[in-house]
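So the sequence shown is numbered by the working numbering: it starts at -15 and just counts up by one.
Bear in mind the hints are in silico, worked out from the structure with no lab data behind them. Hints may contain errors.
Below 27 Å or equal to it, Euclidean Cα-Cα: the simulated DSS-like pairs (lysine-lysine) are [unchecked claim]: (1) 10 <-> 42; (2) 67 <-> 10; (3) 85 <-> 10; (4) 45 <-> 67; (5) 87 <-> 67; (6) 87 <-> 45; (7) 45 <-> 34; (8) 34 <-> 10; (9) 85 <-> 67; (10) 34 <-> 87.
Derived Cβ-Cβ restraints for the label pairs, each shown as a range [said to hold, decoys possible]: (11) 120 <-> 42: 29 to 39 Å; (12) 46 <-> 93: 33 to 43 Å; (13) 76 <-> 36: 26 to 36 Å; (14) 102 <-> 17: 15 to 25 Å; (15) 25 <-> 57: 16 to 26 Å.
All figures in this text were calculated on a predicted structure; none of them were measured in a lab. Using N, Cα and C, we set each Cβ at its ideal position, and we do this for glycine too.
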Amino acid sequence: MFISLQHNAAPIPELESTESREAMAKLVTRLFDLWELDTATQLNLLGLSKTSRAMLTKYRKGEPLSANRDTLDRVGWLLAIHKALRLLYPYNQQLRSQWVKLKHRAFGSHTPLEEMTGQGLIGIARVARYLDYQRGR
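Whole structure, please, built from the sequences with the hints as guidance.
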């Protein structure tokens, strides 16, 4: 599965716009499919309660993400993780798909997914920043 994160020459719309939030909803649910995450983990990563399962279905169908800053930040960092993995491992889709489930010393021998679900937004940002560091080495 390929998720395109490339921009056209057109101006980048405001993140809070309905169109942007619709596109981000579709992208992040496709990313969750690529990572083969269960529903509870998807909800956790989005900062949603376990009773919000219907929201995932709505997002898959193109309903815009909530305009709240926490949700937009989480999705932005998750998409940044995907982009960094594509840049680090351009020829290894299997590694890109499974990377979040592999143990890493950088996360105390936990998986990046455990870091993200256990630490919330801070953990998601930490994983994204780690990958940015790896890209810059």
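Practice task
With a cut-off of 27 Å on the C-alpha distance, tell me whether residue 45 and residue 34 pass.
Solution key: Given that 27 Å is the threshold and the Cα spacing comes to 19 Å, the pair holds.
Practice task
Below or equal to 27 Å on CA atoms is what counts here, so check residue 85 against residue 10.
Solution key: holds, 22 Å
Exercise for the section: Mind checking the alpha carbons of residue 87 and residue 67 for me, to see if they're no more than 27 Å apart? Expected result: holds, 20 Å
Exercise for the section: For the pair supplied as a hint, residue 85 and residue 67, confirm whether the alpha-carbon distance does not exceed 27 Å. Expected result: Distance ~17 Å between residue 85 and residue 67 Cα, so the pair holds.
Handout entry: Beta-carbon spacing of residue 120 to residue 42 - inside the hinted bounds 29 to 39 Å or not
Key = holds, 37 Å
Exercise for the section: Look at the Cβ atoms of residue 25 and residue 57 and judge whether their distance stays inside 16 to 26 Å. Expected result: holds, 18 Å
Exercise for the section: Measure nothing beyond the straight line between the CA atoms of residue 34 and residue 87; if it is 27 Å or shorter, mark the hint as holding. Expected result: Holds - the C-alpha atoms of residue 87 and residue 34 are around 26 Å apart, at most 27 Å.
Practice task
Compare the distance between the alpha carbons of residue 34 and residue 10 with 27 Å, and conclude whether the hinted pair is satisfied.
Solution key: Within the cut-off at roughly 20 Å; holds.
Practice task
Take the C-alpha atoms of residue 67 and residue 10, compute the straight-line distance between them, and say whether it is at most 27 Å.
Solution key: holds, 15 Å
Problem - Range hint 33 to 43 Å (beta carbons of residue 46 and residue 93) holds or violated - result: holds, 39 Å
Handout entry: Range hint compliance [Cβ, residue 102 to residue 17, 15 to 25 Å]
Key = holds, 22 Å
Handout entry: Hint consistency between residue 45 and residue 67 [alpha-carbon to alpha-carbon, up to 27 Å]
Key = holds, 23 Å
Hint 6 from the earlier list is the only one contradicted by this structure; the remaining hints agree with it.
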